[in-house]
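**Student:** Listed below, chain by chain, are the residues.
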Amino acid sequence: MKELTTVNRRSFLKTGAALGGGLIISFMIPAKGGLKKLFKPPTPAVFIPNAFLQISADNKIKLILAHVEMGQGIWTTLTMLLADELDADPKSINIVHAPPGKEYNHTQWGMQITGGSSTTYSEFDRYRKAGATARVLLVQAAAEHWGVQPSACKTANGFIINGDKKISYGEMVVAASTLTPPGDVPLRTKEQWKYIGKGLKRLDAPDKGYTNGRFINCSSCPLACNGRHGKIF
Amino acid sequence: MIQITVNKKLYTVDAPPEMPLLWMLRDVLNLTGTKYGCGMAQCGACTVHLNGEAVRSCVTKLSRAANQDITTIEGLSIDNNHPLQAAWLIEDAPQCGYCQSGQIMSAAVLLKENPNPTDQDIDDAMSGNICRCGTYPRIRKAIHTAARLQKEGGVK
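Here the protein sequences come in this chain order: V and Z. The C-terminal residue of the first sequence carries number 486 in the working numbering, and the numbering is unbroken. The C-terminal residue of the second sequence carries number 1073 in the working numbering, and the numbering is unbroken.
FYI, nobody ran anything at the bench for these hints, they're computed from the structure. Each residue gets a CB set at the ideal place from its N, CA and C atoms; glycine is no exception.
Some but not every residue of chain V turned toward chain Z, in silico, with C-beta under 8 Å:
1. 323
2. 324
3. 454
4. 455
5. 457
6. 458
7. 459
8. 461
9. 463
10. 468
11. 470
12. 471
One chain only, chain V, in its complex shape (with noise of 0.2 Å):
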């Protein structure tokens, strides 16, 4: 079942202040299945912090994003809440849609939903921690594997520092991956920063601007797709 809901678009602009702002299309997918229904057993070994990320053994970051990219700039505002904390470069993040599933549900609205403006405070939270859960859990590898403590590594850009001791996050992916995530995760705060609030261009301009761009009406679908604005990459 899928519903799309749209306003005129000068209606709204007459209405839209009342409504609180912002663009008004929604998709709705019940949800069902747990995240191993969602993807398919991976190869090489790859790390599953939650819903939102994986890391790779060679190194391959993926981003999860739980809203429908229309335009609205979440492709890489999201990546950029979720780099800031794993302390990964924004641009070297692959990043994908989301399927059907409750991990993705809004976290205020109770459903997958893109739509009211309302993406990225949303989810300020909840990208902030899926990389920082990640980060803190290749981390503790890390000083397991080193023999030291955990507050004595630092990390850098994909790297786990411990004085001259340098390992990649995806040589720890396998030894991570058997550790429990902590219940709770701290965060940086405002001054550590990198790139949330920085200027940084838009993460799938290079798709748009070239022919990789795929659009729902791109995509060989059974179905009759109609959906315009969608992107699918």
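Chain V is already provided as a structure; the job is to place chain Z on it using the hints.
**Tutor:** Chain Z alone, transformed into the frame defined by chain V:
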């Protein structure tokens, strides 16, 4: 059977002569970089080059394109290194992105015919390509940047 050259490659296509070129590109050749917008030559999203001229592929029949040279966004450059594609990234031009391949194909004809366009030249040449996100100011800036890159020869 219709013979057609798309991006320097010759195809023989089993399709009716009245089929819009856009359908052939997207549904037969699977070149989905060219977009379907309005189907009435009103929006420019489907712009491709026919013998170097910008045409709206949604209203161009296959019979007109037969035995002619077609270039789509996929064939505009090798490795996406056309000055316009480089400039598009420098100026962060796209928003939703849907109209952008049509914009770039129209701009490519403009820059070929007028390597130093003024703002007015750009507005005149690009008036047939609409963008609902309203990226016109960045598109105009990107075309100026592409003109500069083309002149400097830094990007081929």
